[in-house]
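Novice: Heads up: the sequence lines are chains A and B, in that order. For the first sequence, counting from 1, position 50 maps to 50 in UniProt numbering; every step adds exactly one. For the second sequence, counting from 1, position 174 maps to 174 in UniProt numbering; every step adds exactly one.
Mixed in with the good hints, there may be bad ones.
Here are the simulated lysine-lysine pairs, DSBU-like style, with alpha carbons at most 30 Å apart [said to hold, decoys possible]: (1) 187(B) <-> 128(B); (2) 118(A) <-> 191(B); (3) 6(A) <-> 63(B); (4) 82(B) <-> 6(A); (5) 145(B) <-> 118(A).
Here's a subset of chain A near chain B, in silico, CB distances under 10 Å, partners left out [said to hold, decoys possible]: (6) 87; (7) 88; (8) 89; (9) 91; (10) 93; (11) 192; (12) 194; (13) 200; (14) 202; (15) 210; (16) 211; (17) 212; (18) 267; (19) 271; (20) 295; (21) 297.
If you want the ones that stay clear, here's a sample from chain B, every Cβ over 10 Å from chain A, calculated [to be verified]: (22) 102; (23) 107; (24) 128; (25) 166; (26) 251; (27) 252.
Honestly, the hints are just simulated from the structure, not real lab data. Beta carbons: idealized from backbone N, C-alpha and C, even for Gly.
Single-letter residue listing:
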Amino acid sequence: MVYSPKLSKFLESYGIVLVLIVMMVVIAMTRPDVFLTPQNLTNIIKQNATLALVALGMLVVIITAGIDLSVGSTLALSMVTLAIASKAGVPWPVVLVIGPMVGLAVGFVNGVGLTWLKLPHPFIMTLGTLNAVRGITYLVTDGAPVSGLQPEVRYLGQAYYDLGIFAPPAGIPASLILVAVCAIGLWYFLEKTNIGRHIYAIGGNPQAARVSGINVERVLVIVYMICGFMAGLGGLLLAGRTDSGFPNAGIMLELDAIAAVIIGGASFFGGRGTVMGVLAGVLIMGLLRNGLNINNVSSFWQMVLIGVVIIFAVWIDVVRRRAAVRR
Amino acid sequence: MAQSATASAAPLLEARGIAKYFGAITALHDVNFHVGAGEVLGVVGDNGAGKSTLMKILSGLYKPSEGELVFEGQPVSFSSPKDARLKGIEMVYQDFALAGNMAIYENIYLGREPGRKLGPITFVDHNKAREMAAEHLDNLHIHVKSVDQNTEDLSGGQRQAVAIARATAFHARVVIMDEPTAALAIKEVGKVLDLIRRLKDHGVAVIIISHRMDDIFYCCDRVMALYQGTNFAEAPLTDTSRNEVIGWIMGTKGHTEALAHDRLQ
């Protein structure tokens, strides 16, 4: 095979966008009557906004060669706490902050546990919090959903702007704007700040980071707090969209988030991954589900296909790494 | 023994009566050490002779159990490599310690990124870092295709050059190199050794730990041998020979006729 550094760099950065475009064309051709309707597109965005936020947090963790299994539980705990607070009549600006704060707290526990207890791999610490936080979620709710939120709390998850062009319920969802703001903010943080660069350095070679005077432990705590924060924000969106905090929310969400990050071209070995890739990864999973749904393919086949896509995406990463080593 | 010309001035970095204990184990005892500006000092010794421990003390990674460090005539004490770095003492690691997923210029300024500072956050000025890196590499006559290349795409010699560039990016006074040529292809060794000589011309004190006599005799001014955790012998390069130095590593003095490592026990 001819090796061209320019082509490989281009494909590494934008190949995923090409995949996305091809998928959209294929789905649009199979169901032109349904797929391209504003309502369907609005739905895709709304349904995947929560996953997008959680996956963005997961990206930061995976760049450090870590993993956070607790995001689904964190999302659920954030959701039910803010729902309980909302029902208890806490002023809505405070309620809005509660979800992300719960996320930050869980992230802090993950980060501190990982660095202080020196557990051999973040898998173990976050497997622990996956269970513990889910347990706490059931404890505070007695396992029952909490519904009936203040309209201001629901706003981000539910509102959309028809801009006078779209017929309701189609329009630009507020959640899309939140995802865009988070994505741009995270991109800026990762690319333009020293801490963002240190996150990549830790993923590339933790020893190099350490001897360069980087406080690796402190950065890792920040990383898991960012991930928790994003999960909490995801909880806020989902609570708004469903008008409730249900303790079963986000079960297996961590796996979807990891899949989106990996499909988006991040390396499980750390040091590689982009915000744009993750958004594309989320959209690929969302489009795959949507495309199969509107073609009446069973959800069982959707699982099979998503599994195949994950394996394929990681295989691409392996091939790419092997090519890099052989040079 | 006569001092070599370059080291005649007061030493830049000096260690007096250094001892280091790890529990009941004595890694170093009564080690004296000095290096001057513009001097290249080779440190030799067998595995376990204490070379690495001594270098870790000099670079601030370990604190000596006894003895003191003197930098420019002033006693100093380092509680971390950061302290040593502030004085201009830098370490180049055997495995280069580079982040392969990052560009050359980012590796050079990793942990010390130029840019606008706001509390603990620096808003990295990537363009300035690129320019600084290109200029610095030029000064050292290091040639790379682009400072935007990831270091994992470089050859061993180029990586070593980047590691040295990082160590010297901020007015380094002393550069400590652990086996600088051990991981290199033969054809690249000469380039790295020439680079070390160039540092010397810039007035940097260079300390090289090496097993390779070729390296020592190509670029050092003076060689000192540690044996079982203490000073064993030292001499300006002009007053000694490979065979004698090899003898020192093995703890014997006065070998001149026969190659020490040719002898069978």
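Novice: Indicate, hint by hint, whether the structure satisfies it.
Specialist: Structure-based check of all given hints:
1. 187(B) <-> 128(B): Violated, because 33 Å separates the two Cα atoms, which is more than 30 Å.
2. 118(A) <-> 191(B): violated, 41 Å
3. 6(A) <-> 63(B): Outside the cut-off at roughly 48 Å; violated.
4. 82(B) <-> 6(A): Answer violated: residue 82(B) to residue 6(A) is near 39 Å, above 30 Å.
5. 145(B) <-> 118(A): violated, 41 Å
6. 87: Not OK, violated: residue 87(A) not within 10 Å of chain B, min 38 Å.
7. 88: Interface hint status for residue 88(A): violated (36 Å vs cutoff 10 Å).
8. 89: violated, 37 Å
9. 91: Given a least distance of 30 Å, the restraint on residue 91(A) is violated.
10. 93: At about 26 Å, which exceeds the 10 Å cut-off, the nearest Cβ of chain B leaves the hint on residue 93(A) violated.
11. 192: holds, 6 Å
12. 194: Hint holds; residue 194(A) Cβ to chain B Cβ min 4 Å, cut 10 Å.
13. 200: Hint holds; residue 200(A) Cβ to chain B Cβ min 6 Å, cut 10 Å.
14. 202: holds, 8 Å
15. 210: The hint holds - residue 210(A) has a Cβ within 10 Å of chain B, the shortest such distance being about 8 Å.
16. 211: With Cβ-Cβ at 5 Å, under 10 Å, it holds.
17. 212: Holds - the Cβ of residue 212(A) comes within 10 Å of chain B, reaching about 4 Å at its closest.
18. 267: holds, 8 Å
19. 271: holds, 4 Å
20. 295: Residue 295(A) check fails; min Cβ-Cβ to chain B is 40 Å, beyond 10 Å.
21. 297: violated, 38 Å
22. 102: Since the minimum Cβ distance to chain A is about 6 Å, residue 102(B) lies within 10 Å and the statement is violated.
23. 107: Violated, because the least Cβ-Cβ distance between residue 107(B) and chain A comes to about 7 Å, which does not exceed 10 Å.
24. 128: holds, 13 Å
25. 166: violated, 8 Å
26. 251: Residue 251(B) clear of chain A: closest Cβ-Cβ about 32 Å, beyond 10 Å.
27. 252: Holds, since 36 Å exceeds 10 Å.
Figure legend: structure checked against the earlier numbered hints; hints not met, in rising order: 1, 2, 3, 4, 5, 6, 7, 8, 9, 10, 20, 21, 22, 23 and 25.
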